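K.L.:
Chain H is already provided as a structure; the job is to place chain V on it using the hints.
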Amino acid sequence: MRKPQEKRRFPSALLVISLTLLVPLTLSIVPPVGAAPYVITIVSVETTDQAGNPRNVFWRGELVMIKVKLSCPGGGYSPVSYPYIQFVRTTDPDLRMVYLGFMSSTISSGENQSSTTGFTIPLTATTGQYKVKVMLWNTRPSNPQFQVLAAARQATFTVT
Amino acid sequence: MIGRKKTRRSVTKETACICLVLVAFAFALQGAHAQPPYSITVTTDRNSYSRGDLVTITGTITPPDQGVDIGVEVRGPGGATIWIDTVTTDFSGNYLSQFRLDLSAPYGVYTVWASPTGSNTNSWCEFTIPQAAETTTTMTISGRTLTIIRVVTTGVAETTVTESAVTVTVGTTVRVVTGTTETKLTKETTSLTLTQTQTTVSKETTSLTLTETETTTVQIFDPVRLVKWWASEPAVQVGVPIFLVGVVPAVLIFAIIRRRRKQEKRRMEELDRLEGKSKAEE
Numbered sequence: 001m002r003k004p005q006e007k008r009r010f011p012s013a014l015l016v017i018s019l020t021l022l023v024p025l026t027l028s029i030v031p032p033v034g035a036a037p038y039v040i041t042i043v044s045v046e047t048t049d050q051a052g053n054p055r056n057v058f059w060r061g062e063l064v065m066i067k068v069k070l071s072c073p074g075g076g077y078s079p080v081s082y083p084y085i086q087f088v089r090t091t092d093p094d095l096r097m098v099y100l101g102f103m104s105s106t107i108s109s110g111e112n113q114s115s116t117t118g119f120t121i122p123l124t125a126t127t128g129q130y131k132v133k134v135m136l137w138n139t140r141p142s143n144p145q146f147q148v149l150a151a152a153r154q155a156t157f158t159v160t
Numbered sequence: 001m002i003g004r005k006k007t008r009r010s011v012t013k014e015t016a017c018i019c020l021v022l023v024a025f026a027f028a029l030q031g032a033h034a035q036p037p038y039s040i041t042v043t044t045d046r047n048s049y050s051r052g053d054l055v056t057i058t059g060t061i062t063p064p065d066q067g068v069d070i071g072v073e074v075r076g077p078g079g080a081t082i083w084i085d086t087v088t089t090d091f092s093g094n095y096l097s098q099f100r101l102d103l104s105a106p107y108g109v110y111t112v113w114a115s116p117t118g119s120n121t122n123s124w125c126e127f128t129i130p131q132a133a134e135t136t137t138t139m140t141i142s143g144r145t146l147t148i149i150r151v152v153t154t155g156v157a158e159t160t161v162t163e164s165a166v167t168v169t170v171g172t173t174v175r176v177v178t179g180t181t182e183t184k185l186t187k188e189t190t191s192l193t194l195t196q197t198q199t200t201v202s203k204e205t206t207s208l209t210l211t212e213t214e215t216t217t218v219q220i221f222d223p224v225r226l227v228k229w230w231a232s233e234p235a236v237q238v239g240v241p242i243f244l245v246g247v248v249p250a251v252l253i254f255a256i257i258r259r260r261r262k263q264e265k266r267r268m269e270e271l272d273r274l275e276g277k278s279k280a281e282e
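These protein sequence lines are chains H and V, in that order.
Throughout the first sequence, residue numbering follows our numbering, covering 1 to 160 in sequence.
Throughout the second sequence, residue numbering follows our numbering, covering 1 to 282 in sequence.
So that you can see chain V by itself, here it is in the shape it has in the complex:
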């Protein structure tokens, strides 16, 4: 009986131990799954956008972990939510969320918030929709001359006029001065506030997408404008009347006098010839 009691006790102890181990294992697993305190970064592919642009939000969590849910929220200048998303990190801890800005999105500063689930942390960044960035321009390059083939302006503020009032409308062909080209048309030169991603322009480049604010001098290539400008020049305004009133009559008088002299000379020669002939007959 004593032996049996001992055996039963030892088995009960073993069972209790196994139970304890299982409970410990359960808690250990639970503890192992608990998420580490992630830190997070958030950034956008550009600092400024135009309405209708695609915004790409990216970031990373540290330490890198796969399958972690990230909440992304974008708030507009007035605090209104314009985008929300739940994305999941890849094996490197990276995440991505993309959306397109509305064509009527308000100008101003936008805030992007990102937070990994259950990590007691978050991060934010900002981007802007500046009013000046609304000019969307496509440029083509022919030799050394940049030609803006289409200028789309959505408001008055986008076009900065320095001298004469030149309105650039959709479809207007303008030429950008890239040195000494087309220097005669300075009167018609105006300034357009353009946005440009690419500062170095090579011959191989066929199109440019403008993003950063940059003032570029452009010239309107219009023969009518050229004539108008020519007529409005002070030198032309003074020179043409002097030319018409002074030089032209003088030249005409000179031509008439010269023509009369020539006629007189011919008449004299004819008379001499006739005189010589009559003398010979006598």
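Next up, chain H with everything else stripped away, as it sits in the complex:
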């Protein structure tokens, strides 16, 4: 009498397994409404000194290093590679661009990357709060195939 009961449980088990697999699959495929489906995540943007110590206040004439950490979710048996252009833009308190750095690279799903770029604050620079914005694109907007690969991330530092 026990065997048929166990056999009857099989379809229910199949349903549970299906739900267990499909729900995370559905959630991973479908991003929240209103958000863009980013393939890369900018984990952190921080300003450091030449020695790599985090710092938010700099003097004019000093070297500002900007450290960017990236992460590409996913992975598994067939990782996908994403070529990207990383832009690091710095603006002064008057919205004047004082530095624009860019690099082209490729990141694979499941991979973490880190890069550092830097610039010297001009001796004539305006004092105040500067903004660093990091953007990841697949190409430039003059190309219709343009795509934003990661949500832009900002950091600030002060020039005294």
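I should point out that these hints are in silico values taken from the structure, not numbers from a laboratory.
The model shown is predicted, which means the values in this text are computed figures rather than measured ones.
Errors might be hidden in some of the hints.
What the hints assert, rightly or not - Derived CB-CB ranges, DEER-like: (1) V:Thr41 / H:Pro54: 37 to 47 angstroms; (2) V:Thr41 / H:Val80: 29 to 39 angstroms; (3) V:Leu103 / H:Thr156: 19 to 29 angstroms; (4) H:Gln145 / V:Pro64: 21 to 31 angstroms; (5) V:Tyr107 / H:Ser81: 40 to 50 angstroms; (6) H:Ser115 / V:Gly78: 24 to 34 angstroms; (7) H:Pro144 / V:Gly78: 18 to 28 angstroms; (8) V:Ala235 / H:Thr124: 51 to 61 angstroms; (9) H:Gly61 / V:Glu233: 23 to 33 angstroms; (10) H:Pro73 / V:Pro106: 19 to 29 angstroms.
Stated by the list, open to error - Here are some chain H residues pointing at chain V (derived, C-beta under 8 angstroms): (11) Lys67; (12) Arg89; (13) Gly101; (14) Pro141.
What the hints assert, rightly or not - Just a few of them, taken from the derived set where beta-carbon distance is under 7 angstroms, the chain V residues facing chain H: (15) Trp83; (16) Gly118; (17) Asn120; (18) Asn122; (19) Glu126.
Here a beta-carbon is modelled for each residue, glycine too, at the ideal position from N, C-alpha and C.
P.N.:
Only chain V this time, still in chain H's reference frame:
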């Protein structure tokens, strides 16, 4: 046993159906999220700017959608990227990006590109930094006279001189002719290429920011210049010597003759008076 088999089969079918529905739901959601083919517009708040100006880039995506990433890139006359930005649309599908032009930004035509992410479309517009637009002038109005209180010129090309060589420097006080005012100083009139946003000037206006190219006649208000001009006038150059050589001596001679006549007359009267007195005594 037959009944059990039937039940098991029906349950398996139900499970399979549910699984299919879930998969279909997943694909449906994925399809629902796929971005529609947006079209995009891009424009700047002005067609021409001066170095150091704030550039405001705006645009809209159609159909309107919130939270769509827009890539913005501005390239200078040489093709170099001078601004990039990632902005997000609001609920009306509008986006905005602002930056300030560098004080050493090259003159010429700048191209602004904007593209919504993953839409296979983009749009562009242009603006210029004309050399003539470099004259930044602040004007104040007093009655009917416009007075430029400060003229900043960054190069020779900004000042167009029509007659006499007049150099307008920072801090020079000049008067703009607004009709028949100050018409005597025509010799000193020069032309400044100014840029002006406001064509109608009212009494209430206290300052003007100049943006469009416009030739305005200005006059230098300088007493030294006035004397110099007066001395250089042909009428003055001929008239003054004639006046000094001809009229002045004549007037002097006339005055001397008149004075002598008066003295003679007085002397005669005195003699007559003395004669009358002596006669009376006799």
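K.L.:
So, for every hint listed, does it hold in this structure?
P.N.:
Cross-check of the supplied hints:
Here the CB-CB span from V:Thr41 to H:Pro54 is close to 42 angstroms, well matched to the stated 37 to 47 angstroms. Separation of V:Thr41 from H:Val80 is about 33 angstroms and conforms to the stated range, judged on CB atoms against 29 to 39 angstroms. The hint said 19 to 29 angstroms for the Cβ distance between V:Leu103 and H:Thr156, and at roughly 23 angstroms that hint holds. A hinted range of 21 to 31 angstroms holds for the C-beta pair H:Gln145 and V:Pro64, which are about 23 angstroms apart.
In this structure the hint that V:Tyr107 and H:Ser81 lie 40 to 50 angstroms apart at CB holds, the actual value being about 43 angstroms. For the pair H:Ser115 and V:Gly78, the supplied restraint of 24 to 34 angstroms holds, since their beta-carbon distance comes to about 27 angstroms. The given range of 18 to 28 angstroms is respected by H:Pro144 and V:Gly78, whose C-beta atoms sit roughly 24 angstroms from each other. For V:Ala235 and H:Thr124, the hinted distance range of 51 to 61 angstroms is satisfied, since their beta carbons lie about 54 angstroms from each other.
Here the CB-CB span from H:Gly61 to V:Glu233 is close to 59 angstroms, at odds with the stated 23 to 33 angstroms. In this structure the supplied range 19 to 29 angstroms is violated for H:Pro73 paired with V:Pro106, their Cβ-Cβ distance being about 42 angstroms. Because the closest C-beta pair between H:Lys67 and chain V is about 20 angstroms apart, greater than 8 angstroms, the hint is violated. The closest approach between the C-beta of H:Arg89 and any C-beta of chain V is roughly 6 angstroms, which is under the 8 angstroms cut-off, so the hint is satisfied.
Here the hint on H:Gly101 is broken, as its CB sits about 11 angstroms from the closest CB of chain V, past 8 angstroms. Annotation: interface hint on H:Pro141 holds; nearest CB of chain V at approximately 4 angstroms, less than 8 angstroms. Using the Cβ-Cβ criterion of 7 angstroms, the hint placing V:Trp83 at the interface with chain H is satisfied: the shortest such distance is roughly 6 angstroms. Because the closest C-beta pair between V:Gly118 and chain H is about 5 angstroms apart, less than 7 angstroms, the hint holds.
Annotation: V:Asn120 was flagged as interfacial toward chain H, and the flag holds, the nearest CB pair being 5 angstroms apart, inside 7 angstroms. This hint holds: V:Asn122 has a C-beta 5 angstroms from the nearest C-beta of chain H, less than the 7 angstroms allowed. Taken as an interface hint, V:Glu126 does not check out: its beta carbon lies about 13 angstroms from the nearest beta carbon of chain H, beyond 7 angstroms.
Hints 9, 10, 11, 13, 19 from the list above are not met by this structure, while the remaining hints are.
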